[in-house]
Structure formats: C-alpha cells, structure tokens
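Trainee: Residue numbers (the numbering used here), protein chains in the order written: chain A, 177 to 294; chain B, 28 to 364.
Warning: the hint list may mix true and false statements.
To be verified - Keeping only pairs whose Cα atoms sit at most 30 Å apart, straight-line, the calculated DSSO-like set for lysine-lysine is:
id : chain 1 : residue 1 : chain 2 : residue 2
1  : A       : 209       : B       : 345
2  : B       : 101       : A       : 235
3  : A       : 208       : B       : 345
4  : A       : 214       : B       : 345
5  : B       : 111       : A       : 235
6  : B       : 97        : B       : 111
7  : A       : 261       : A       : 214
8  : B       : 111       : A       : 208
9  : A       : 287       : A       : 208
10 : B       : 111       : A       : 214
11 : A       : 208       : B       : 97
12 : B       : 111       : A       : 209
13 : B       : 97        : A       : 235
14 : B       : 101       : A       : 208
15 : A       : 288       : B       : 97
16 : B       : 345       : A       : 287
17 : B       : 101       : B       : 111
Hints in this document: simulated from the structure, not taken from any laboratory.
Keep in mind that this is a model prediction, so the values were computed, not measured.
What follows is the residue order along each chain.
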Amino acid sequence: MLESYLPILVLITIAVLFAVGSVTFSFIFGPKKPSAVKLAPYECGMPLIGTARERFSVKFYIVAMLFILFDIEAVFLYPWAVVFKRLGMFGFIEMGVFIIILLVGYVYVWKKGALEWE
Amino acid sequence: MPEMLSLSNDPILFLSVMVAKILVVFIVVVLIVAYATYAERKIIGRMQTRLGPTMTGPLGLLQPIADGLKLFFKEDIIPAQSSKFAFILAPMMILVPAFITVAVIPFGDFITVGGYLVPLHITDLNVGILYILAMAGLGVYGIVLAGWASNNKYSLIGGIRSAAQMVSYELAAGLSMIAVFMLSETLSLRGIVDAQAGSVLNWYIFSQPLAFCLFVITSLAEINRTPFDLPEAETELVSGFCTEYSSMKYALFFMAEYANMIVVSAITATLFLGGPAGPFAGPINLLLKIFFFMFLFIWIRATFPRVRYDQLMFMGWKVFLPLALLNIVITGAVIVF
Chain A
177 MLESYLPILV LITIAVLFAV GSVTFSFIFG PKKPSAVKLA PYECGMPLIG
227 TARERFSVKF YIVAMLFILF DIEAVFLYPW AVVFKRLGMF GFIEMGVFII
277 ILLVGYVYVW KKGALEWE
Chain B
28 MPEMLSLSND PILFLSVMVA KILVVFIVVV LIVAYATYAE RKIIGRMQTR
78 LGPTMTGPLG LLQPIADGLK LFFKEDIIPA QSSKFAFILA PMMILVPAFI
128 TVAVIPFGDF ITVGGYLVPL HITDLNVGIL YILAMAGLGV YGIVLAGWAS
178 NNKYSLIGGI RSAAQMVSYE LAAGLSMIAV FMLSETLSLR GIVDAQAGSV
228 LNWYIFSQPL AFCLFVITSL AEINRTPFDL PEAETELVSG FCTEYSSMKY
278 ALFFMAEYAN MIVVSAITAT LFLGGPAGPF AGPINLLLKI FFFMFLFIWI
328 RATFPRVRYD QLMFMGWKVF LPLALLNIVI TGAVIVF
C-alpha cells in the first residue's frame, strides 16, 4: 500500500513545488505597474457593461445532472468488466438488464429534448 | 532470479531509485512540453506553407526557452474584480493533475539495480485507470475555477462550456475503455500491458478498433484540443477561461494543455498499442508512440475547423455514448458466445 502510493505523494509534492515556484518567481521578478484600466476585466476595450456574475443557461445544469447519473452507471461497469470473464453468461444477462433500464431513462431524456441545443 | 526491489528488503536503495525515476520522468515530461510547443508551431507552419520559428538559435530550436524566459519576466496582472485566491489557485489546479497522471504509465520492463529487479514505472496501482480518471476529473475544477474567478464574461462562458464539454466526453471516454478491461481483466496499466504482450496482433487496437477510435476522439475533446477547443474559441471568446491571465500563470495553462496531450497519448499507447512493446528499448518505443499521437493531434489542429457547440453536444451524447455502450455489449457477446 505505502509502496504504491508513496511515489505518487512524492510526485504531487514535486509538481506542486514546480507550479507554486514558477508563479512565485514571475511574481517576484516581473514588473509591477498597475493602473485602474489595466486591472479592469477585458471586454474588447469597450466600457464595461454589468458584471460577469450573471445567470447562465439552465442547460448546463441538466448536463451536469445527466453526467452524474451516467457516470454512476460507468462506475458500476468497471468492477463488472474486470470479473466479466469469470461471471460468463450470468454476468452478461445481469448487466444487460442494468443497461436496458438505463437505456429507458436515456431514451426518455432524449425524447424530452434535454440533449437538444439551440 | 534476482529479487524485486521493495521498501522492506532495501529501504534506502528503494527510496533513491524511486526519487530518481520520478525526477527523470518529470524532467522528460517538462522537456517534451517545451519542445511540443516548438514542434506544433513548426509543423503547423509547414502545413500552412510558412516556416514557423527560425530566428532563435539554429532552426529556431531555442524558441521554447526564449518564450519561457519572456513569460517569466512579464507583469503578473491580477484583475481588481477577480476572486484573488481562486484566481491564483486555478492554473496550479490544472497543471498538477496533468503532471501527476504520468505516475501510473509503465515505460519499460525491468532493469537490475544493485542486485534487485526494478520495474520501469513510477508506481503500479491496482486501480490505475480509476486514478487516471480521477485526475482527469480534477482538471475540470481548475478550468471552471479559472473562468469563474476571473470575473470576466468571456472567461465565465469559456469555463462553463468547458465543464459541460469535459464531463460529457469523460463519460464516453470512460465507457469506451471498459471493453478493454473486459479483455484484460485488470485495471492496472502494467497488467494491461502484460495482457497485450507476445505479438503485435495481441494489441487491443486490433480487437477493439471501435473503442480505440472513440477513445482518441473523446480524449481530444477532454483535453480541449481542436476541433473541440470551444472553451478557448479565440474568434468568439477571445481566449475563454484564460483571457485575464498573464505571465507565468498563463504559461501554466499552456504547459497543462501539452502535458495533457502527452498523458492522453501515453494512455492510448498503453491501452491499445501495447505500451512499451516494440523493436527498441521500452522507453524509446513508448516515446515514439507518444510522438506519433502528438503529431496526429497537431495534424488534426491544422486540418479541421472548430465544431459548433450544439454539434459537440450532439456527438458526445447521441453518437459517442450509444456507440461506447454498443461496443461493450458486442465485446460481452463475443466473449460469452
């Protein structure tokens, strides 16, 4: 356990040091001449209109919700795939039923138009 | 037959070999990242009958170093309206997962060090693929955070688009890989490489051609490369989630993009092309396969226009997802009958 995950811990440390180090380095050595216009959000040079903390399309939430549903399906399929050859016919039918139930939901979502983008 | 080097039989040698392997892999990845930018500009230049960089050093070979130095000494602008902590954190949150995913890629067989067998990978997790998927998932946070923290309309749209795109294609990419595990019966990348050993015909690209195509296309979308680079669509969103970034923080986004290209190429080579198997030494074979896929990605960028957002979502949810499920059912049926 320790033997497998210790290298990852070391690699994470090196990667974090590299990222923090390069940002700090440029922060220290770069010039600093801030002005009100320079620090304003970029909007193609036009005067700002409102703020970016706006509402955005509800479609994105639907995608996020569907992702969770289907990702859980995928997570169930991983351990099944690993032992599939040992399960044989039983595993095939078992997972077939599981996928068909999900397909019903998928077809419903499709027919409801949740996957349409205009 | 020499013993396998482990933490119990020689802790000091184990730790020093581990650190040496990590440093070598890390430096190689950083070097490939630096020269991938050069290769991309050179190759795309040639494909568009331009020369690409020529002035810095012989054939412009010092261009990545000049670019890096320039970005180091640029002004680090943090917009006044931004959420400062998240703004600084975001580029690191994209770069770190990209770099640590390489830990599970096997890059050769075994070598003997001080009388012990040393495997040529940083680590071999029994849940290697889940580790890769987890790290790919972390990358989404960085982009969304960058888009939101900038407090810029273009960045926000780029960030949200990117989140929706990456989760949609992660699904199809995850499902297309399952057919490979049904054949290999393991999630460890070393195990998958071993399952393809023997002859070239054992490589999963021949038994899983559909999964291979799906995986390459969906990974292209997951790492936001052309033709799926909508998060940074420069003609409509200026530069998407990295519009407000400057100096080294901006460079981190680019390093992460190229590091992700390396990682995706390495995973594709491991899952479908036998990993380090081939005519030369292990690491060279793997590097050649990685370079092949990176050339392919650059070639695709020079060839295809960007897809529209509705086309992107259409393909992800209505084409790739059903095809990946179909591939699982076909593979299952072939194994059972």
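Trainee: If a hint holds in the structure, say so; if it does not, say that too.
Mentor: Verification of the hints:
no.	hint	result
1	209(A) with 345(B)	violated (50 Å)
2	101(B) with 235(A)	violated (39 Å)
3	208(A) with 345(B)	violated (50 Å)
4	214(A) with 345(B)	violated (44 Å)
5	111(B) with 235(A)	holds (28 Å)
6	97(B) with 111(B)	holds (24 Å)
7	261(A) with 214(A)	violated (62 Å)
8	111(B) with 208(A)	holds (16 Å)
9	287(A) with 208(A)	violated (56 Å)
10	111(B) with 214(A)	holds (16 Å)
11	208(A) with 97(B)	holds (15 Å)
12	111(B) with 209(A)	holds (18 Å)
13	97(B) with 235(A)	violated (41 Å)
14	101(B) with 208(A)	holds (9 Å)
15	288(A) with 97(B)	violated (52 Å)
16	345(B) with 287(A)	holds (12 Å)
17	101(B) with 111(B)	holds (19 Å)
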